[in-house]
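J.: So the chains spell out like this:
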Amino acid sequence: MGGTSLYLGGTTVIPMLELQDYTGMFERSPVAQAVIDRELRILVVNTAFCSLMGYGKDQLLGMKLTDLKTRGLIRYLKDTGDSCTTVLSQKRDLVFESAFETASGVHYMLQSCQPVLGPDGEIRFIYNSYTDITGIEKNRKYMGHEVDEFIAVYEKMGNGDLTVSHSVEKPKDTDLHETFEILARLRGSVRTIISNLQVNIRDVNKRMQDLTSSAETASRSLGDATKSVQQVAQDAQKVSENADRASQGMEQISKAMQDMSASVEEITSSMESVSVLSRETNDLSQKGAELAGKAERSMTEISASSEKVYSIVTDVEKQMGEITKIVGLIRDLANQTNLLALNAAIEAARAGDAGRGFAVVATEVKSLAQESRNSAERIEEMIANLKKNTQNASHAMGEAKEVIGQGSRMVAETLESFDRIAAAVDKVAKSASEVAAATQEQAATTQEITASVHEVTALIGETVKESADAASATEESFSALEEISQIVQNVSTLAKEALQANQKFKVD
Amino acid sequence: MGTEAQKPGDMLISQGGSGSEDLQVVEFVLGDELFAINLFDVKEVVEYTRITKLPSTPSHIKGIIDLRGEITTIIDLKVRMNISANNEIPDESRRIIVLDEAILNSKIGIMVDDVTSVSTFPRDLVERTSSAISNSTSSYVEGIIRKKIREREKERTDLVIWIDIRQMVSETDLGGLA
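Just so you know, the protein sequences line up as chains A and B, in that order. Counting from 1, position 286 in the first sequence corresponds to residue 285 in numbering that gives the first Met the number 0; the numbering is continuous, with no gaps. Counting from 1, position 33 in the second sequence corresponds to residue 32 in numbering that gives the first Met the number 0; the numbering is continuous, with no gaps.
All the given hints hold, so there is nothing to weed out.
What the simulated footprint calls covered on chain B by chain A, stretch by stretch (three residues with Cβ under 8 Å from a Cβ of chain A suffice, anywhere in the stretch; the number is not a length):
id, stretch
1, 38-48
2, 106-117
Ranges between beta-carbon positions, derived for each pair:
id, chain 1, residue 1, chain 2, residue 2, range
3, B, LEU124, A, VAL308, 51 to 61 Å
4, A, VAL360, B, GLU91, 21 to 31 Å
5, A, ALA395, B, LYS153, 35 to 45 Å
6, B, THR48, A, GLY320, 22 to 32 Å
7, B, GLU46, A, GLU398, 38 to 48 Å
No wet-lab data here; the hints were simulated from the structure. Heads up, the beta-carbon is just placed ideally off N, CA and C, and yes, glycines get one too.
Given only the sequences and the hints, what does the whole structure look like? Please build it.
T.: Shown next as structure tokens:
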């Protein structure tokens, strides 16, 4: 072993280094190394190889490399099929990847097998080195996984769903942190772009929606406008009709005004008649009032006269009462005279022939007394009759008094009535003159109205013309509106299409 | 009492002188009828004066009056003769015929409704009462006088009942006054 040169790979010769240097380097190299003979027996291994395999040097030395596999010391996860046997048969270098599980765990390895040839060109040894690429593999797997996810997400995004998000989880394995950082940065960049895009799309969408709704609103407004214009057209028609009717109405009013004018003239003449009549009535009522006044005075005189008559009758009654008394006295006297005559006759008869003359006197006296008594009785009768008459007269006078009172009252009332009639007639006359004045005003007003009616008729004619113009203008604006409507419809359609296109991108 | 010869008619005739056949009477009214008594039985006719009633006397005794200082008994003839009239004349309007004192030697007056006259009738107008009447309770009715009355050129005859006043008074219960 203390040779001057060492062939490594058959190409490199390092003359300055001693064997122990190589041994040390071999031993300390982090790369797991093993040298095997033609029978594949393990001749030399370094520490890294031992730790890789998980067995001690003493266990491994002398063991066939293939025993590791066949004895189940290691389990191959990935076997490319290349092996040291291939190297032996083909006498060339082999580099291949393999993965196996040992006691120390799963390892991804870049295995290189280099035959070491003797001077005869025969293979003396095979140098195996195992470069651990587990970390690289892990990173590769991790990255592959993440990139797959990225691809899935970005495919979705590509399909328009910009709401998809995914997070890159920080792996526990510290070997992957660097990769994670890179991936996170990548994701962040993409996310920024996407979110900007989202904002933009949202904005565009909103604008599109606004546009669409505006277009719809415009469309509706146009519909309304169209309707309105149609309405205007109809209204114009109606205005025209109404104007016609108004025109007719105005003609009627004009006629009515003429009639009214005639009526006013009639009223005026009637009012003049009323005026004349009321003047006559006034004169008559004044005469009536005068007559009633005379009647009142007459009634007062009659009242006074009947009062006098009443008192006279009362006096007569009183005097007749006295007469009755006197007549009573006369009758008493007659009675006494009669008695005296009787007694005288009795005395005369007793006296016989001597009393004969006296008897005659007594008889005469008696007959006189009788006559006096008869007269008194007649007077009494007459007085009784008179009394009855005076009583009747008195009663009649009482009634007359009452009647006269009533008459007086009625005359007073009549007088009052005449006064009222006079006042009423005065009012009537005043009213009539007022009516006459009002009628004159009315006549003036009627003329004014007639003039106004003519003006209005002219105006209506103009209105008719204008409404016809308006109708034609309306038709024009109607067609213009239809065009505008078409344009707005197009805009709306375009906006909707744009929106639909954008709606491929789900942003919310 | 008095004899037949003392009849008033006789006395009148005997004392009358001329027309001895004539009958002189005082006529008076009781109720609705006319009565007559002999003139010579009458002293005078007076107006009603207040009559003082006496207790325990028959109803036909009116009472007593003071006639010029002499108490005179008054007989209500209507009551005495049972005459009921339709019209009651108040006492104040009635009259009293004072009879001659010679008749009964006492002062007597008869109350009648009215005294109408002093009359003289010829005998042929006087009809003596028949015995049938005089024998009855009315024995004092002496006869009936036909009194001819001229009134408005028409002549009618009233019957006047002639009464023997002496006879009647003598038959009258005076309640112990006479």
